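Student: Sequence:
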Amino acid sequence: MAIRALFPTLILHESLVRPGWPAFNRSLADECASLAASDAAGRRWSARHYLGGYTSYGSLDRLHLVSSLFERLRRRIDPVVKRFVRSLHYDLGGRTVAMTDCWANVMPAGVVHSMHLHPTSFISGTYYAEVPKGAGALKFEDPRLSRQMATPPRRAKAPERFRTFVDVPAKAGDLVLFESWLRHEVPPARFSGERISVSFNYAWTAKTVIPGTRR
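Mapping of the sequence shown onto the numbering used here: residues 123 to 337, in sequence order.
Hints may contain errors.
No farther apart than 35 Å at their CA atoms in a straight line, the calculated lysine-lysine pairs in the DSBU-like style are these [what the hints assert, rightly or not]: (1) Lys329 / Lys279; (2) Lys329 / Lys261; (3) Lys261 / Lys204; (4) Lys261 / Lys293.
Label-pair ranges, simulated between beta-carbon atoms [said to hold, decoys possible]: (5) Val188 / Arg276: 39 to 49 Å; (6) Val234 / Pro130: 23 to 33 Å; (7) His211 / Lys329: 18 to 28 Å; (8) Glu282 / Met123: 16 to 26 Å; (9) Lys255 / Gly174: 15 to 25 Å.
No lab work stands behind these hints, which were simulated from the structure alone. All values derive from a computational prediction rather than experimental measurement. Each residue gets a CB set at the ideal place from its N, CA and C atoms; glycine is no exception.
Let the hints inform the model, and build the full structure from the sequences given.
Tutor: Below is the structure:
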């Protein structure tokens, strides 16, 4: 009997910590906290959609274009995204991938980010600037769930690749990438402090040519 595994769902999870990176993380967390304190439009949006926490998604969603810290983060993430895309075997037809959106999230204990996906994007992800002990993991849902109409439940100790939901815990300095169609959430958790992260989307686009350079 030959059993084949088809249509895999890939997630990249790795640490970006390098020499000097802890200091960068502290600066990034401080800037996110400053945004949470000063972004009135973001606080209003969060009060309706992100109860108890703060996200700049509804107000400042291109932080890599206005902040040197977020731009530095983008430069570090770019090559990892390109490597992830190669592992997915996509043919970009001479195009490249580029960050389109980038926003800050500040989640105290008990805040929930319910199940969702990222329409009109290609690759999405989260970078963790500050993760207190016990803070919520990123929870992914099996994309076939709506089609498993008459299936029995999985065994409690089923291997990770067979589970309906998979939690991906993270720590400060970690990067998680996934395809934008994959539904995910952050369940509530009890912890002390704030879970601070930066989320982003990438699209595939024409390569940018700098004047005076060759293609």
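Student: Decide, hint by hint, whether the structure agrees.
Tutor: Now the hints, each set against the structure:
At most 35 Å may separate the alpha-carbon atoms for a hinted pair to count; Lys329 and Lys279 exceed this at roughly 46 Å. As the CA atoms of Lys329 and Lys261 are separated by approximately 33 Å, the hinted pair is consistent with the 35 Å bound. Of the supplied pair hints, the one linking Lys261 and Lys204 holds, its CA atoms being roughly 23 Å apart against a limit of 35 Å. For the hint linking Lys261 to Lys293, the alpha-carbon distance of about 15 Å falls within 35 Å, and the restraint holds.
Between Val188 and Arg276 the beta carbon distance is about 45 Å. The supplied range of 39 to 49 Å therefore holds. Between Val234 and Pro130 the beta carbon distance is about 29 Å. The supplied range of 23 to 33 Å therefore holds. In this structure, His211 and Lys329 meet the distance hint of 18 to 28 Å, their C-beta atoms being roughly 20 Å apart. At about 23 Å, the beta-carbon gap between Glu282 and Met123 stays in the expected band of 16 to 26 Å.
For Lys255 and Gly174, the Cβ-Cβ distance of about 19 Å falls inside the hinted range of 15 to 25 Å, so the restraint holds.
Violated hint: 1 only; the structure is consistent with all others.
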